[in-house]
Amino acid sequence: MVTFQAHDGPVYSMVSTDRHLLSAGDGEVKAWLWAEILKKGCKELWRRQPPYRTSLEVPEINALLLVPKENSLILAGGDCQLHTMDLETGTFTRALWGHTDYIHCLALRERSPEVLSGGEDGAVRLWDLRTAKEVQTIEVYKHEECSRPHNGRWIGCLATDSDWMVCGGGPALTLWHLRSSTPTTIFPMRAPQKHVTFYQDLILSAGQGRCVNQWQLSGELKAQVPGSSPGLLSLSLNQQPAAPECKVLTAAGNSCRVDVFTNLGYRAFSLSF
Amino acid sequence: MELQLKGSVIVLTLNSTNNGVTSGWEEGKYYSEEAEVDRRDPGRDYELYKYTCQELQRLMAEIQDLKSRGGKDAAVEIEDRRIQSCVHFMILKKLNRLAHIRLKKGRDQTHEAKQKVDAYHLQLQNLLYEVMHLQKEITKCLEFKSKHEEIDLVSLEEFYKEAPPDISKAEVTMGDPHQQTLARLDWELEQRKRLAEKYRECLSNKEKILKEIEVKKEYLSSLQPRLNSIMQASLPVQEYLFMPFDQAHKQYETARHLPPPLYVLFVQTTAYGQACAHMKSSQPPRQDKTLSVAIEGSVDEAKALFKPPEDSQDDESDSDAEEEQTTKRRRPTLGVQLDDKRKEMLKRHPLSVMLDLKCKDDSVLHLTFYYLMNLNIMTVKAKVTTATELITPISAGDLLSPDSVLSCLYPGDHGKKTPNPANQYQFDKVGILTLRDYVLDLGHPYLWVQKLGGLHFPKEQPQHTVIADHSLSASHMETTMKLLKTRVQSRLALHKQFASLEHGIVPVTSDCQYLFPAKVVSRLVKWVSIAHEDYTELHFTKDIVEAGLAGDTNLYYMALVERGTESDACSSPSSGKGCHSQDVKYRTLLPLCSPCTHLGGIESCDSSQLSWHLIGQGFLLEPPRCCLWCCHPAPALAAKLQAAVVLNPGYSSIPPVFQLCLNWKGEKTNNNDDNIRAMESEVNVCYKELCGPRPSHQLLTNQLQRLCVLLDVYLETESHDDSVEGPKEFPQEKMCLRLFRGPSRMKPFKYNHPQGFFSHR
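Line order of the protein sequences matches chains A and B.
The first sequence begins at 1 in full-length UniProt numbering and counts up one residue at a time.
The second sequence begins at 1 in full-length UniProt numbering and counts up one residue at a time.
One or more of the hints may lead you astray.
[Unchecked claim] If you anchor each label on the Cβ, the simulated ranges turn out as follows:
{"id": "1", "chain 1": "A", "residue 1": "Thr100", "chain 2": "B", "residue 2": "His539", "range": "35 to 45 Å"}
{"id": "2", "chain 1": "B", "residue 1": "Ala531", "chain 2": "A", "residue 2": "Asn254", "range": "22 to 32 Å"}
{"id": "3", "chain 1": "A", "residue 1": "Thr100", "chain 2": "B", "residue 2": "Asp398", "range": "51 to 61 Å"}
{"id": "4", "chain 1": "A", "residue 1": "Asn254", "chain 2": "B", "residue 2": "Asp403", "range": "37 to 47 Å"}
{"id": "5", "chain 1": "A", "residue 1": "Phe4", "chain 2": "B", "residue 2": "Asp361", "range": "47 to 57 Å"}
{"id": "6", "chain 1": "B", "residue 1": "Asp398", "chain 2": "A", "residue 2": "Pro226", "range": "37 to 47 Å"}
{"id": "7", "chain 1": "A", "residue 1": "Phe4", "chain 2": "B", "residue 2": "Glu689", "range": "20 to 30 Å"}
{"id": "8", "chain 1": "A", "residue 1": "Thr89", "chain 2": "B", "residue 2": "Lys542", "range": "44 to 54 Å"}
{"id": "9", "chain 1": "A", "residue 1": "Lys43", "chain 2": "B", "residue 2": "Asp403", "range": "49 to 59 Å"}
{"id": "10", "chain 1": "A", "residue 1": "Thr89", "chain 2": "B", "residue 2": "Glu689", "range": "34 to 44 Å"}
{"id": "11", "chain 1": "B", "residue 1": "Leu433", "chain 2": "A", "residue 2": "Asn238", "range": "56 to 66 Å"}
{"id": "12", "chain 1": "A", "residue 1": "Asn254", "chain 2": "B", "residue 2": "Lys526", "range": "27 to 37 Å"}
{"id": "13", "chain 1": "A", "residue 1": "Pro68", "chain 2": "B", "residue 2": "Glu546", "range": "38 to 48 Å"}
[What the hints assert, rightly or not] Covered stretches of chain A, going by a simulated chain B footprint (3 or more residues, C-beta under 8 Å):
{"id": "14", "region": "56-68"}
{"id": "15", "region": "152-162"}
{"id": "16", "region": "226-239"}
These aren't lab readings, by the way, just hints derived from the structure by calculation.
Just so we're clear, the structure is a prediction, and the values are computed from it rather than from any experiment.
Note that the Cβ used here is the ideal one computed from N, Cα and C, for glycine as well.
Can you make the complete structure from the sequences, with help from the hints?
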């Protein structure tokens, strides 16, 4: 196992390109070469800080998103903006702003160059990358079906698949139809969800509580697979078409273990750190 | 018949006359056949008998002959013959009678003769017995032994050489062994008389010498008080010259009777005490001693232990006898005997070493060291006295108790198990399971005590012989003494703190004030000690128990921090000035467009809020807000934060561990709320910020105060439910840069001192 210190504070987000590992935590994004990590070296390749407007507190970066078509990286977090960085030159090209509180999560629509962002202010905003404009705003907490005022209005997780979008957090986990911006399915889960993803015809979600939840699109709970952490923060599916036999789901949360599911039905083993 | 009988007699007489035999018939006038028998010859009677028989045969044959012939005259003839034969029968009868008489006579004679023979035989037997008896007597006499043969006599040559001639009398005794023996006995008697005389003389001599000794002893004992008075008189001089030889000498004298480990301890502590005193000595030594050593207990008993073993054996046999008696009387059970054996095994040496360790604030730690002779281990009892009288808070019960004050002085040294591995075998014999049950009586056998006494018990070799070692004791002395001091001081500090904690006041010293904002609304309402079992049964302490941090040597407490009850509505429990009527209770924060314009009309607004305003205008992102009294009565839900505290005996070098459980809108623990987890890490992990000035005795109270602040932040930053009408339950009074941060929506728990705002860590 290789361990190296990447940031002083917590690491909130990591993405991987073909050659690089990008990590972000407090204010900075850093790049590491996979080749060197595999050789147990850990030299930082580069680091970038988006232009922040305040200097009192360095805003954190909560989400990273790769846009392969234009070879850029989108960063979002504490300063309520989406920053676009060109991976070729390492310069920040745009800042999209409109959120009134910090941003929790990002999601990319595959076909059109559009990005979804969800934040503490309770809104999911749809951005067009070409025009750098806000296209659509869904204020989830304002819809009575899914609003849960006692949990707050924050949107903690977001996933999208063509015209569909699923989001959760303070409000209930909800499936939205984007073109008509109406909630179609509300999933009956009390605990706030921290991560959600589409998988084939299922929706996987995790949050407060030990279980990875598997939902049918109709809103039925298909399965709840218990993990080893009291609360889960992140799910990750390895769907590389190159290696279909390595298809695994990993789940990490607020314990020292990362659970590995080789089959969606049960936890195969845990990596303990 | 009579006729016939008379006729036969006549015939017989006739016959006898015919035979020419003189009969008595004519001589005596009586007739006696017995007499006739004597006169007649048996041989002749036999001839007669034969003749008669022949005659009868002849007559019978003639009769037969006549009858066979038959004739007329035959009948006469037969008659004649019959008469003749009758006569013959008569004769036969007579002969028969005679024969009978003769037989009878013969028998009588034989009987008589036989009786005579019997009498003679008996006489013979008696005589034979007598002979035998006499023979026995003779042999007895021959075998007789005299007493003198047992006496050891001097040999013959010696006798003739040494004995005076009037006793030996050689000429008489040489030939006669009897006389010789007598003479030798005489000589023996003479000699013995002389020896007895000598013995008596020796006895009287001894008596005389004893008397002399007695007199000399009296003289010596009369000398002692005089010497003592001289010593007494010299004491002021010694003191004046700072030469406490006398006292030290006395102690060393007693120390001679200490068992080896206690002796090592005594010597080493005395040495250490003197060294310390010398190091500090700008003043004369031994004036400001922080460490004093004394020996306690009866020296006589200690001496008695070294008496010759006979005495003790006697005692034992006595006690055995007593035991036997008691067994007869009340038959004690096996358990009673086992009890006695246990007592014997756990016996302490009568001497003990008292060590008084004085701390800077005049509190004293009294340590009494004992030595268990049969187990070869040392134990210690501790007591703490303070200069001023302490009010004992209920929750501080265990803090200064002799049982736990020294627990885990070194990590893991709880002093409940015997450090000597060999003891286990001894315990097995008398049925002691562990030493733990006896520790209260005997004192604790901490490992450091053994080391101070120079006893080193290796873990792997149970039967290793253990000898008291000076160097071992010396090497542990300084660190142990320092640890003891810090332990006592931290315990005393805790003791004082607990007293105010129980009254709901968290004492924060002025040098730690900068760690907390000026206004803390949450209050400590309860501080109690709980049992270890209760702690492990709490649902939110499972992680600590599983991590093995909840050993039974730790102390456990439960703190309850509250906010939101009636009394909380006023800014502090002591001041009621803020409230004028029952309605005016709840405050709220209102955003204001122009800062500070309304302040003049507000009744009470303390300085911290004012300063907040000033800072807020300077650089805050959010619009500044002002605190107003609001008259809406809103339902106040008391938020109760339970904190289970594990206090390691090694406090304050080892920090206490807090586990939290918040009861407010449901139960929140680190399992279901990341912010509770963050609060725990604030007090448990970031404890170094809270230590305060060394030796960081303020740690626990600072942690509790921090907890109050954290609860304030937690409650005030909780997102407000817009759907419910009315003001926020807990208005935000703390200045925060941002309310939430990161994917897990952490609240700003970090307090920045001079500016007074809260930020994320």
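Evaluation of the provided hints:
1. In this structure the hint that threonine 100 (chain A) and histidine 539 (chain B) lie 35 to 45 Å apart at CB holds, the actual value being about 39 Å.
2. Range check, alanine 531 (chain B) to asparagine 254 (chain A): about 30 Å between beta-carbon atoms, so the 22 to 32 Å window is met.
3. Between threonine 100 (chain A) and aspartate 398 (chain B) the C-beta distance comes to about 54 Å, which sits within the given range of 51 to 61 Å.
4. Between asparagine 254 (chain A) and aspartate 403 (chain B) the beta carbon distance is about 40 Å. The supplied range of 37 to 47 Å therefore holds.
5. In this structure the supplied range 47 to 57 Å holds for phenylalanine 4 (chain A) paired with aspartate 361 (chain B), their Cβ-Cβ distance being about 50 Å.
6. Distance hint check: the CB atoms of aspartate 398 (chain B) and proline 226 (chain A) are about 41 Å apart, consistent with the given range 37 to 47 Å.
7. Separation of phenylalanine 4 (chain A) from glutamate 689 (chain B) is about 27 Å and conforms to the stated range, judged on CB atoms against 20 to 30 Å.
8. Separated by about 52 Å at the C-beta atoms, threonine 89 (chain A) and lysine 542 (chain B) satisfy the suggested range of 44 to 54 Å.
9. Under the hint 49 to 59 Å, the C-beta atoms of lysine 43 (chain A) and aspartate 403 (chain B), about 58 Å apart, fit the expected range.
10. The beta-carbon spacing between threonine 89 (chain A) and glutamate 689 (chain B), approximately 43 Å, falls within the hinted interval of 34 to 44 Å.
11. Distance hint check: the CB atoms of leucine 433 (chain B) and asparagine 238 (chain A) are about 57 Å apart, consistent with the given range 56 to 66 Å.
12. The beta-carbon spacing between asparagine 254 (chain A) and lysine 526 (chain B), approximately 29 Å, falls within the hinted interval of 27 to 37 Å.
13. As the Cβ distance of proline 68 (chain A) to glutamate 546 (chain B) is approximately 45 Å, the hint placing it in 38 to 48 Å holds.
14. Counting residues of the region 56-68 of chain A whose CB falls under 8 Å from any CB of chain B gives 4; the rule of at least 3 is met.
15. By the rule of at least three residues with a Cβ nearer than 8 Å to a Cβ of chain B, the coverage given for the region 152-162 of chain A holds, with 4 such residues.
16. Remark: the region 226-239 of chain A is confirmed as covered by chain B, as 3 of its residues place a Cβ nearer than 8 Å to a Cβ of that chain, reaching the required three.
In summary, the structure agrees with every hint in the numbered list given earlier.
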